[in-house]
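Whenever a hint applies, use it, and build me the whole structure from the sequences.
Chain by chain, the residues:
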Amino acid sequence: MRVEAKLLLFLGLFFGAMCAVYWTWSLENAGGVMMFSGMLLCFLPGSYYLWWSRRMKMRPEDDPTATTEGGAGVVGSFPGSSIFPFLMGMGAFLVVLALVFGIWFLIPGLALAVWALLGGTAEGRRGGKI
Amino acid sequence: MSHTTATPISEHDSHDEHHGPSGLLNWLTTTDHKIIGLSYTITAVVMLVIGGALAELIRAQLASSNGHLVSFAQYNELFTMHGSVMIYLFAGPFAFGALANIIVPIQIGAPDMAFPRLNALSYWLYLTGSITMLLGFFTTGGAANFGWVGYAPLTSSLNAPGAGADLWIGGLMLTGFSAIFTGVNLVATIFYLRAPGMTMFRMPIFTWNLLVTAILILLAFPVLTAGLIMLYADRHFGTHIFSVAGGGVPVLWQHIFWFWGHPEVYILALPFFGMATEIIAVFSKKPVFGYKGMIFATISIAALSLGVWAHHMFTTGVVLLPFFSIMSLLIAVPTGIKIFNWIGTMWRGEIWFSTAMLMSIGFLITFLIGGLTGIYLASPPLDFFTHDTYFVVAHFHSVVMALVLAGMGGLYYWGPKITGYLLNERLGKAQFWFLFIGTQVFTFPQYILGLQGMPRRMAVYPLHNEWVSLNALSSVGALLIGVSTLFFVVNIIVSWKKYPAGDNPWDAQTLEWFTTSPPPHHNFYRLPQIRSERPTWDHNHPEHKSIAHGTHEE
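So the protein lines, in turn, are chains U and B.
Per our numbering, residue 1 is the first one in the first sequence, and the count goes up by one each step.
Per our numbering, residue 131 is the first one in the second sequence, and the count goes up by one each step.
These are calculated hints, taken from the structure and not from any lab test.
Heads up, some of the hints might be wrong.
[Claimed, not checked] Distance condition first, Cα-Cα at most 27 Å in a straight line; then the derived BS3-like pairs of lysine-lysine: (1) B/Lys-416 - B/Lys-559; (2) U/Lys-57 - B/Lys-422; (3) U/Lys-6 - B/Lys-559; (4) B/Lys-559 - B/Lys-627.
[Claimed, not checked] Looking from chain B toward chain U, a few residues come up when the C-beta cut is under 8 Å (computed): (5) Thr-161; (6) Leu-297; (7) Gly-300; (8) Met-303; (9) Leu-304; (10) Thr-329; (11) Met-330; (12) Phe-389; (13) Val-590.
Computed from a predicted model, the values in this text were never measured in an experiment.
Think of the CB as a built atom: it goes at the ideal place given N, C-alpha and C, for glycine as much as any other residue.
Structure representation (structure tokens):
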């Protein structure tokens, strides 16, 4: 996890330095704000990973001598199939069409999105079909 | 919900069998990264064909000085939608949605993407976003017509009043969210789901490039989405963010757009760099030359790419020329390292000129041309001279056609892993020559036209003998590129389930070639020990094992 943390922190530091040079040189706000935000976006997860990497055991994927057996156990839970991403996608589609063709598209759009949100959450808790 | 373990050793391990729905329901409900990736691939290739057809119409119009194939208004729609389809709906999604989705989890020994349902949602947003944008052609006012960059004030409700502009904005929002979700998924997958022993500095270059691409997506795409919301508010809610009349600043759109737009160039390019790197190493029968150098070059390109946006805005007169010029020129250094390393990988290799390898060499040459002309444009005096001329059009078409070459190489290289079948090599090579020669015939006259001052986005041009012949030549190039696409389609039909590939037809090096073709549900029946960035090579060639980084051969 240390390499991941260092990658993000390096990018954050670079964007911070670039932002400082750019803003003091140009006094242009839009670019300065965007680069500053980029720096924060890298520092936020980067510093968390660095903090966490010092407190956790070395993971098999970080260990150059790890064997496949060393990583045995549950990797994670993977839903086999789910209709809710499709419903959410269709809901978002209708919401966007509402922005163009008329507000009435919002009714089926939001209904589908809320259904997908609730259904997907419930499915995540109980486990979906394999 | 299946719980997946890291070591499914036994052949046909029962929990790895998939018992989900089949047919259309399977496609609608799947969360398998391979099927989602395949859906992305097919959709992106359809978008390539649509975008290509629009390009052929543009070139047909320009084949003579006073073409009457389309009206001026239709021509505006054509170049806007050609650029939009190619950049937003083909190149990006093909790079980080299609092949990345299929290949990255397998390259790092993961059973799937970290968030499979979010991955499926990304695809549905991409598909619906593409449909939304294309719906503009079916509205009374026609599709968006203000150029793919959507500069203010051309996008105002006064200048672009139709539904086509709103559909363009809506489609971009949907595909933007799709990209952001894919970025989250790629970063989480690469950080958390690598196989034991697959340390960060053993990941294949393709995966590394996708990781950096995903970080760039997360930094850049939210800016564009925010800009689109502001643009929509200007058009419909009476705000004046980009309108001078209400005290707004039109050039702010350019800052926002290009703060996304230039990293987007590398969001498009880095995955294709990764494809070419893998292909060149495998078909040179060598490890990647300067593996760590390649990674640091990728990171440097990404870091610098966030500080170069305003080189697209030199002629606005309101940007800091030295800063953006220096930053843009600096990008040539890591890019040069990459080109040096690609040549180094081939150097004294046992080169096999397969279709994938030819496409990658074609990519290298074409990208070099596009990259070098990019260096000219990074210099303000030269940029002032060539801005908004065909020189710029030629430059970025050299770059994107290089990416198309690399992407085609990727399809020929990984296609057998995805489908289990090889494509016909003779037809593939014919496709390559048409594509490669067509690209050069298409772009070279445009460089000259640009230097002679021909502006871009003109439906007609003065009857000047040299301009007429150069434009006609460029149109012939476009036709050759179109013919190359026909070869690809014919190849798919001719090769359909004809040439079984086996698990590793290229004697390739990385982990995806260790599993079956196509891979099973959750990808692996067993995994090899991972001791280098070439675990499959190490397993298949114990006599020629890779030397770990930082050690020396005794």
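For each hint, the structure was consulted:
The suggested pairing of B/Lys-416 with B/Lys-559 holds, with an alpha-carbon distance near 23 Å, which does not exceed 27 Å. Taken as a hint, the U/Lys-57 and B/Lys-422 pair is honoured in the structure, with Cα atoms around 26 Å apart against an allowance of 27 Å. A hinted pair counts as satisfied when its Cα atoms are at most 27 Å apart, and U/Lys-6 with B/Lys-559 does not qualify at roughly 43 Å. Annotation: proposed proximity of B/Lys-559 to B/Lys-627 holds, straight-line Cα distance about 19 Å (limit 27 Å).
The beta carbon of B/Thr-161 is positioned within 8 Å of a beta carbon in chain U (closest approach about 5 Å), and the interface hint is therefore held. Evaluation of the B/Leu-297 hint against chain U yields a held restraint, the C-beta minimum of about 6 Å falling below 8 Å. Because the beta carbon of B/Gly-300 sits about 4 Å from the nearest beta carbon in chain U, less than 8 Å, this interface hint is met. The interface hint given for B/Met-303 holds, since its Cβ lies 6 Å from the closest Cβ of chain U, which is under the 8 Å cut-off.
Given hint, B/Leu-304 at the interface with chain U, holds; its Cβ is 6 Å from that chain's nearest Cβ, closer than 8 Å. The interface hint given for B/Thr-329 holds, since its Cβ lies 5 Å from the closest Cβ of chain U, which is under the 8 Å cut-off. Because the beta carbon of B/Met-330 sits about 4 Å from the nearest beta carbon in chain U, less than 8 Å, this interface hint is met. The restraint placing B/Phe-389 at the interface with chain U holds, with a minimum CB-CB distance near 5 Å, inside the 8 Å limit.
Given hint, B/Val-590 at the interface with chain U, is violated; its Cβ is 32 Å from that chain's nearest Cβ, farther than 8 Å.
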